[in-house]
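Starting from the given sequences, assemble the full structure and let the hints guide the process.
Same order as they appear, the protein sequences are chains A and B.
Residue numbering for the first sequence follows the numbering used here, starting at 1 and increasing by one per position.
Residue numbering for the second sequence follows the numbering used here, starting at 1001 and increasing by one per position.
In short, the hints are calculated from the structure, not lab data.
Fair warning: this is a prediction, and the values are worked out from it, not measured in the lab.
Even glycine gets a Cβ: it sits at the ideal position worked out from N, Cα and C.
One should not assume that every hint holds.
Unchecked claim - Over the 10 Å line for every Cβ pair with chain B, so calculated as not near, a few chain A residues: (1) 23; (2) 40; (3) 57; (4) 109; (5) 113; (6) 134; (7) 141; (8) 153; (9) 157; (10) 165; (11) 217; (12) 240; (13) 334; (14) 397; (15) 411; (16) 413.
As the list claims (entries may be wrong) - A short, non-exhaustive set of chain A residues, derived as facing chain B with CB atoms under 7 Å: (17) 309; (18) 328; (19) 345; (20) 348; (21) 352; (22) 355; (23) 360.
There are 2 protein chains.
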Amino acid sequence: MPKTAVILCAGYGTRMGGKVKPLMKVGGREIIYRTIKLLRDNGVERFIVIVNRENRKPIEEFLKSLNIEYEVVVNPNPERGNGYTFYLAKDRVYGRFVLVMGDHVYCEDFVKEALKGEGLICDRNPRFVDLDEATKVIVENGRAKRVGKKLERFCCVDTGFFVLTPEIFGVAENIVESKEVVSLSEIMEKARVKVTFVDGLFWMDVDTEEELRKANRFVVRCSYKGKGDGFVSRYLNRRISLRISEILVNRITPNQATIISFLVGILSSLLNFVSIPLAGVIYQISSILDGIDGEIARASLRTSNFGGWLDSVLDRYVDFLFLLTLSFVSKLNDLEWVVACFAIFGSLMVSYTTERYRGAFFRDFYQDFDFKFPGKRDERIFLIFLFCLFSFLGKFVIVYLLILIALVTNLRVLATILVVCRRYLLLKNS
Amino acid sequence: MPKTAVILCAGYGTRMGGKVKPLMKVGGREIIYRTIKLLRDNGVERFIVIVNRENRKPIEEFLKSLNIEYEVVVNPNPERGNGYTFYLAKDRVYGRFVLVMGDHVYCEDFVKEALKGEGLICDRNPRFVDLDEATKVIVENGRAKRVGKKLERFCCVDTGFFVLTPEIFGVAENIVESKEVVSLSEIMEKARVKVTFVDGLFWMDVDTEEELRKANRFVVRCSYKGKGDGFVSRYLNRRISLRISEILVNRITPNQATIISFLVGILSSLLNFVSIPLAGVIYQISSILDGIDGEIARASLRTSNFGGWLDSVLDRYVDFLFLLTLSFVSKLNDLEWVVACFAIFGSLMVSYTTERYRGAFFRDFYQDFDFKFPGKRDERIFLIFLFCLFSFLGKFVIVYLLILIALVTNLRVLATILVVCRRYLLLKNS
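Now the structure itself:
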């Protein structure tokens, strides 16, 4: 795997009103931070950053704040083109290296795949970029035959991500010595570099404010994987929470989002003393907000074990307090309290059994089992929300709700125990 | 690390009435199984087992039932001594190898340490063997000077565990060719093998029925580490459960023990309808029994992720049902039910927070934190047991108990959240 990366940041960002593009935030992080972080997580240790005279200071200061090995090279003549900018890295790389544009945004999956490739990384299914503006590539025998913006009959698009060896500088030198303005496309075309396809994953270049907003939106959306989500979450909650995350990702941290949704959850449980339907509505809203911390964390590359832990523990308190206050204001009799206890216990055990599974097997339960049984948190809360809306019909609505929650959750736990036991016994007998 | 082990099993077990010693069970497992399993877990891949004509068949059949690479060598003249038996492995080992006695029992820690050593592994603090019967060693300049049963002024004892190189067979050959009866001690003395000390860990040889019982007892006791145990468990429950495990370890599996303690726990919660003090006593007994599955699992080298998971999940049901039935028969009012719910929730959350910690950080909470706050399961159950004994004084006893459990458990959870948050914030700021 490449150990060095060359990042080109000598462009002027004219269409952005001269802002320093690599330092603009997408998904809560500077574009160059995203690229460096994803490359580092995948084995790149050294960064050669080529800047111009104007943006040198802010970029150098930003790199200083990161704990990385880097070199800054100034291009005194950015008007000579990005091919010339690239050529300035000539004597600073050894062995396989990555070349990447400082104003391109990539998702993690893209970087992982691209690093395994060779030459020019191309996308045959570019879903996120403006095709008119994109650099197209015509491929012949696995190598770049033509590279340019105005090609017809191209088969793929240049992603601005390259995995190269220092031989490329020989080709670059010839061109740089013979003409004034040199583009990367020319160098790649002359060198007939190999082409590797990485198709359909999120990446885009950011040239305008509009594209910046678009990148921000996609970074948040692409960070959502859906693994382990329940039905309500997938088809309702996420559609709303992702939109909120797009707005908040550059404004709050994941842990702040955790605390906000916790406080809204606590508020909803207290509202049971005022109005059960209102409490139900706020509870459902807290359930939607509960997705935001994870979305922001993934989008801004800030996921942490601690954040996941804290979110889970606080969720348990919210669920407990809501069912408790709902039961209390409903003036239950002894048997109904028993049902309420089963509902509270079952709700917690749904999470306990799967979390304990990860603690025991060091694997995710939902990765190991295709488990379709209802009763996940988003589904429970939506059910509670619906029943709360109809609480004006009488106490029986709440009692039925508690019976339903008690049944669904405890049956789900029983089903969990059964599937785990079955797999264990099969394993033992095989 | 050595890849091959030579196991000597050509002795006649005369003091055992001719029983095949390597196949006798200690801690629920055949002695030779224990040795092979511990060696395999630590990198040994190939086993040369030297038997006599009489025990060849049962030992060979047993080895066949294991999924290992092995060779069986028959010693036609066991009366020529264990030095001669060892010599028969001559052309079958290459590179560093382990030599170990088929009637010796070792704990896991011993095997791990011994495998890092060289030559004769000796114990300067033999706590588990009969010194009169032991083979003593006099060490000079790190090598064995004298090896024998009748030495005075010895500094350590031969553990029957050796890490050798094939050169030793040259020395053995000279002796075997010159005399009829050859002991291992003679060979080691002549070769002046290096000595490595592994002191005070459990190992012993088994020559008599009495020693077999003793080995069984120690294997169970040494498998108990105390990590994560609460106060009551350490000073009361374990003292009883270990004695029971010593008896049961050769009779039931860990999962059977889990089910038994679960059923006793469920029984105790049902007994609340008959007599609260009796229920409390049985609940405390189930708490003692709850230690047995883990003790048997560790002693019989049968620990499994599944067993740990199942035990945890079933414990949660027992705790829930006991508090629920106790609350129900106590005819609580609404506010008291709220307290009962807090007690039920808190009891479960004590476990949830630490289990979720392991799921998030892939580390044990009690390894990361020296957490002395009371409220672990053994302590809670003991408290419930005490209060139940005094339930005849009136309902207030149970209400006070519920308040106490609710407070202790929820405060413990709060303390858990605080210590984890503090460490995370410190880590972030460092």
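A quick look at each hint next to the structure:
| no. | hint | verdict |
| --- | --- | --- |
| 1 | 23 | holds (23 Å) |
| 2 | 40 | holds (18 Å) |
| 3 | 57 | holds (27 Å) |
| 4 | 109 | holds (23 Å) |
| 5 | 113 | holds (26 Å) |
| 6 | 134 | holds (40 Å) |
| 7 | 141 | holds (47 Å) |
| 8 | 153 | holds (51 Å) |
| 9 | 157 | holds (40 Å) |
| 10 | 165 | holds (38 Å) |
| 11 | 217 | holds (29 Å) |
| 12 | 240 | holds (26 Å) |
| 13 | 334 | violated (6 Å) |
| 14 | 397 | holds (19 Å) |
| 15 | 411 | holds (14 Å) |
| 16 | 413 | violated (8 Å) |
| 17 | 309 | holds (4 Å) |
| 18 | 328 | holds (6 Å) |
| 19 | 345 | holds (5 Å) |
| 20 | 348 | holds (5 Å) |
| 21 | 352 | holds (5 Å) |
| 22 | 355 | holds (5 Å) |
| 23 | 360 | holds (4 Å) |
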